[in-house]
Amino acid sequence: MSEAPSNKRPAPAPPDQARKAAMRVRPTAPIVPSTNVSGNALMLVIAIMSFLACLTLGAVSMVRATAESWQSQISREITVQIKPDDKLDMDKALADARDLALTFDGTTAGNIVDKEATARLLEPWLGEGLDLDELPVPRLVIITIDEQNPPDFAAMRKALTEAIPQAYLDDHRTWVDRLVAMAHTTALIGTGVLVLVFSAMVLTVIFATRGTLSGNRHIVEVLHFVGAEASFVASEFQKHFLKISLKGAGAGGLLAATCFAAASFWQSRALATPQSDQATALFGTFAIGWMGYLGIAAIMIVIALLTTLTARYTVMRTIYEIDLIRSDPARTDTHQN
Amino acid sequence: MGPEILRDLTFDIPRKSFQFLTGPSGAGKTTLLKLLFLSLQPTRGLIRMFDRNISVIPREEFPMLRRRVGIVFQDFRLLDHLTTYENVALPLRVRGKDESTYRSDVLELLGWVGLGERINVLPPVLSGGEKQRAAIARALIDRPEILLADEPTGNVDPPMARRLLNLFMELNRLGTAVVIATHDLSLMDQVEARRMILSQGRLDIYE
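Protein sequences, first through last, are from chains Y and U.
Just so we're aligned, residue 6 is where the first sequence starts under our numbering, counting upward by one.
Just so we're aligned, residue 3 is where the second sequence starts under our numbering, counting upward by one.
The set of hints was computed from the structure by calculation and includes no laboratory data.
Worth double-checking, as some hints may not be accurate.
Below, computed lysine-lysine pairings styled on BS3-like, alpha-carbon distance capped at 30 Å [to be verified]:
no., chain 1, residue 1, chain 2, residue 2
1, Y, K92, Y, K120
2, Y, K120, Y, K97
3, Y, K163, Y, K120
4, Y, K163, Y, K92
5, Y, K248, U, K18
6, U, K18, Y, K244
So, partial list: chain U residues that the calculated Cβ filter (under 8 Å) puts toward chain Y [said to hold, decoys possible]:
no., residue
7, R68
8, L92
9, V96
10, I148
11, S201
Quick reminder that beta carbons are idealized off the backbone N, C-alpha and C, glycines included.
Chain Y extracted, bound-state conformation:
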């Protein structure tokens, strides 16, 4: 009837009347209602879940970065400790130890901790105005090493002991091993939390989308019965749910990104204050870097795709079920007068 000329229709309305009426037709509404209570609730659920997932991702990446930085800072240096001895010229021994250590491949710099610095190190225990010459305090040489290509610690230890019997090489291995173990555990726990939050997000989004769609089943049915192809119905719902999920995931992701940006800004503004120093010591820097922001964008895309695909799958399944009623004799008795 769409292409039928009006003279074939019984008793057509006068053209001017039709025109007058045509002017009053409102802009065509979307087939799937753009807003309703369940749609808004779904948007809120998606926003909350994406916010939580983004926060978790940011927090986990921050913890991993901090753990790695601890590990790398402590493993970047080794220490040569020389115990005082009456027969020992300490300054010469320190210089010899530094020079000997620097002859090994994999060392990059050597730094003797001078008397003032040593006194500062001991200040918390021994107080100010300490005269190191009066106390048998060991002295330190800090050797910076190439982390990628570390020197042979055993050979260095042997050479140092042979040249200066009072020297003791501390390669921080015990600390490094503990820190590596702690960093791995932290990263593992973080990944576990991330997996849990992501699983919760995926399931929540899927169930919320299906719940919202179940309230629209009558629309699917009517479209199906007026001759819409399944792909058409699915695409209408996909468009609708893509909009909802983009709005929700966008809001949640942007809020999380804003939180990280604000924390990072606060930390940079409060640099060198006691509060900031404590926060930095505990949590590292709040900056999540471009990878973190990329992760947040990825979460938003994943949620949008997840919602859209769930909507498509659910609509196709609903249509399949409608057709199944047709072939399931046990269900026919619910449909007769």
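Based on the hints, put chain U in the right spot on chain Y.
Relative to the frame of chain Y, chain U by itself:
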């Protein structure tokens, strides 16, 4: 499995024919219409539609077959968030047609069924009779080859029932086969037409 509603029915709906399907409540009129509309499958027996056995037609082809069939549901099945105009235009919209190509046709049909002044009204605001007319207009809008109407005059007054019947007959004269399920004897008495009477699962046809 539920009780057998219909059994041993043999009939055809010739092209361009006009018939009433009648019988007491619960006789299976709606079930029979649903079978003809591919929304139920018989537990046994054969239904051929447009020269094809519907039991072996792939699901993907149902939409194309349904587009050749117009149906007026007893419960109207209008979408509450769409206006009368949008509900009637829905079959054309899902076929991908541009609104400018069908707007005047839809308005003309709405004028004919007496809803010319209600085009922007949402179904919850329409009366039962108006909903029924909107549902009829939706079924007619794409000029189907066969029209199945389930109690199409159940909610309208006699003059409007007469007017709708005229519409169905006019549509039939233009080539559409019409099946009207009703138990309104006064409606059937207005037209000399084939009567298919369902009773206790059996079908008697009076030409």
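- Unsatisfied constraints (hint numbers, rising): 5, 6, 10 and 11
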